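Respectively, the protein sequence lines represent chains A and B. Take 0 as the starting number for the first sequence in numbering that gives the first Met the number 0 and just add one per residue. Take 0 as the starting number for the second sequence in numbering that gives the first Met the number 0 and just add one per residue.
Careful, some of the hints might be misleading.
Note that the list lumps identical chains together, so a pair holds whenever it fits in one copy or between two copies.
Unchecked claim - Derived BS3-like pairs (lysine-lysine); straight-line CA-CA distance at most 25 Å:
hint, residue 1, residue 2
1, Lys193, Lys391
2, Lys281, Lys53
3, Lys135, Lys157
4, Lys250, Lys27
5, Lys221, Lys74
6, Lys250, Lys26
Keep in mind that the hints were calculated from the coordinates and are not lab data. Bear in mind the structure is a predicted one, so any value in this text is a computation, not a measurement.
Protein chains: 2
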Amino acid sequence: MPKVSTKGNSMPSSPIRKLVPFAEIAKKQGRKIYHLNIGQPDIETPEIMLNAIKNADIKVLEYSHSAGIESYREKLAGYYATFNINIDKNDIIITTGGSEAISIAMMTCFNQGDEIIIPEPFYANYNGFSAAADVKIVPVKSYIETGFALPPISEFEKLITSKTKGIMICNPGNPTGYLYSREELESLKELVIKYDLFLLSDEVYREFCYDGKEYVSVMHLKGVDNNVILLDSISKRYSACGARIGALISKNKEVMATAMKFAQARLSPPTFGQIGAEAALKTPKEYFDKVQKEYVERRDFVIEALNKMDGVFCPKPSGAFYCIARLPIDNADKFCQWLLESFVYEGQTVMLAPATGFYSTPGAGINEVRLAYVLNKEALKMAMICLDQALKVYPGKTN
Amino acid sequence: MPKVSTKGNSMPSSPIRKLVPFAEIAKKQGRKIYHLNIGQPDIETPEIMLNAIKNADIKVLEYSHSAGIESYREKLAGYYATFNINIDKNDIIITTGGSEAISIAMMTCFNQGDEIIIPEPFYANYNGFSAAADVKIVPVKSYIETGFALPPISEFEKLITSKTKGIMICNPGNPTGYLYSREELESLKELVIKYDLFLLSDEVYREFCYDGKEYVSVMHLKGVDNNVILLDSISKRYSACGARIGALISKNKEVMATAMKFAQARLSPPTFGQIGAEAALKTPKEYFDKVQKEYVERRDFVIEALNKMDGVFCPKPSGAFYCIARLPIDNADKFCQWLLESFVYEGQTVMLAPATGFYSTPGAGINEVRLAYVLNKEALKMAMICLDQALKVYPGKTN
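Same shape as in the complex, but just chain A (with noise of 0.2 Å):
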């Protein structure tokens, strides 16, 4: 029987695919379980992307653009222009979600044993993506004390080989939830510059900044255009995971033009994903601003609840809908399979993420959890409500 790859056998699994089984016997018990573990927003999609989809005129459902559909891409400009992010068309290839946007950079930029460094705790599928293109990924750690924030730059310094070739960032962040400010950009800018590294930027979570704060992208530094890769996706700007649609977005035409290579190999992103994509740029700006409303209310609430209670700390994050709080336990592998195998209140449950899962650095996260605020404000109350009761008896407490 012939074996399967190295590559194959060295992809991640996830803790959080670990828990899901468990999830299911709990949920054939019976038990209603909080899902604070994914990033599946509750929103409704807009309907004017939906109602696009429902009256396209198709006869024949033809391939699209490899680089995805013109009229697309030229609206998609002007969306970014909002954002003071200057680009045309043709710095544009559209891509099968963020997640193909994210392995063609990595593809594009990075050689067999190059490294690249990030800051944890990450998105916990860039360990996919590195895996699949052989690249090696160098933590570089960020705080909980700080709210995760961008490390020193020394300590990015520290980490540099020859073998270093790119940075990766995810701003607002996943799974931290921290907004990086300008002067952090400005230093990773001249970061880039000096190493004459590439700087990719996963910036899905662009409409969810709170606070008044400034969303500074990758793409406003100046005289670093041909480092910078953004890396985008309309899931959850329009709560559309399903379009699977999203950008690969740079003005280094070298970069470009080998992106499209691998673009056209895989011949065109889903044509119903980019008519409803295309139609969604009309969504009215109620509709972001009720979204985030929402989000603000059950982050306030989300925050408030972490922090009173006993042992807990969980910084306050200015965007995306996580966050990531220190729990006085043993395990959070542990924890949160327990949550799901052994502790029901009043028939329910709440399934987390360790946060083991998003950082490289073995050990590190043990006592962290991830929590996506994606329910309304009635289920974050019953979650927290359990995990308050879930803590006052877990076996492994710590304080």
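Fit chain B to the supplied structure of chain A, relying on the hints for placement.
Below, chain B without anything else, positioned relative to chain A:
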């Protein structure tokens, strides 16, 4: 300025793509172009599929399961059963087009530098996927004189090294239209058993088998369940290339578990495409009968017209909707470019795919072109007249 990867640099650009700018100029000049160069069918997508998408009652466009919507996979197993392929939903991972199925299969099965033997001419995008996966394609030559029948197994064996890890075929074949016989597949079976190889089979044209000839799948072969991987797509059978829905199918549990890790990293295939694909399973038999009748008529017309032209030879294919013709020309790349740049007949010209892009051996296919008979008969008639006229005046004519 940081440099793109060597992998990116090594990604092939197909000869067809090089022709695109010339086609654009010809169009601007007002010439009508008959596109026989790509496999984008003109056949209408089944209404039952498009209506299911129109009528989908979606409020939140969520991720689907990473392996694809469960009900779709269940029903899809039923579809395969009608072809005497006995699998269940757990043997199927729904992919983003057949492209992703190929890409995930390659990453799942092969290590960097592993060799995969593929009969040439083969689908040009296999080059892109293998470059992305760092796999080396070793071509084994098939010949136009035999209609591109499977090369003798002894020719495969000559190419087997310690690095050989798999064989890949396309059946019915793109670009050849050749349909492998049961004997040919049985001989491949013995080969993969003898050398413990994976056998990847791209069978996206199974609905397009003509003249009552039998479609034999690698899934029909006994005793090689752990070697065989079926790569599939709905693009051709429902004329739904833009849906981007394919499938990776295997009974090898280790392969499926590994492929699933790649599938999870990219989250999910497109939701609307899957909704359409599930509904399309109810496409009435009459649809396929009509389509098949249409393609047989087109094939018969094109093959006869080609073989009537001076110095042209084109074997009659039994499947898919392509044929490869040998022309009395010096160089197919030059000829195809000349058709777009310099030739006009009654305001019209024809766009063909130089066969050089389907061969991996340098110089092979130099006087061959691939034609996709995806236009209606009236258009095909004019296209054949154009080609005949062009061959009479082409400066690089060889007879």
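* Asked: When no copy is named, should Lys221 and Lys74 be tagged within, between, both, or neither for a Cα gap of at most 25 Å?
  -> Only inside one copy: Lys221 and Lys74 sit 24 Å apart there, 53 Å across copies, limit 25 Å.
* Given a CA cutoff of 25 Å, do Lys281 and Lys53 count as a within-copy pair, a between-copy pair, both, or neither? -> Both, since 16 Å and 20 Å are each at most 25 Å.
* Asked: Quick one: Lys250 to Lys27, C-alpha cut-off 25 Å, is that within a copy, between copies, both, or neither?
  -> neither (51 Å within a copy, 28 Å between copies)
* Asked: How would you label the pair Lys250, Lys26 (within, between, both, or neither) given a Cα cut-off of 25 Å?
  -> neither (48 Å within a copy, 29 Å between copies)
* Please work out whether the CA atoms of Lys193 and Lys391 approach to 25 Å or closer within one copy, between two copies, in both situations, or in neither? => Answer is neither: 51 Å inside a copy and 61 Å across each miss the 25 Å cutoff.
* Quick one: Lys135 to Lys157, C-alpha cut-off 25 Å, is that within a copy, between copies, both, or neither? -> Classified as within: same-chain Cα gap 16 Å, cross-chain 37 Å, threshold 25 Å.
When the structure is compared with the earlier hints, violations turn up for hints 1, 4, 6 and for no others.
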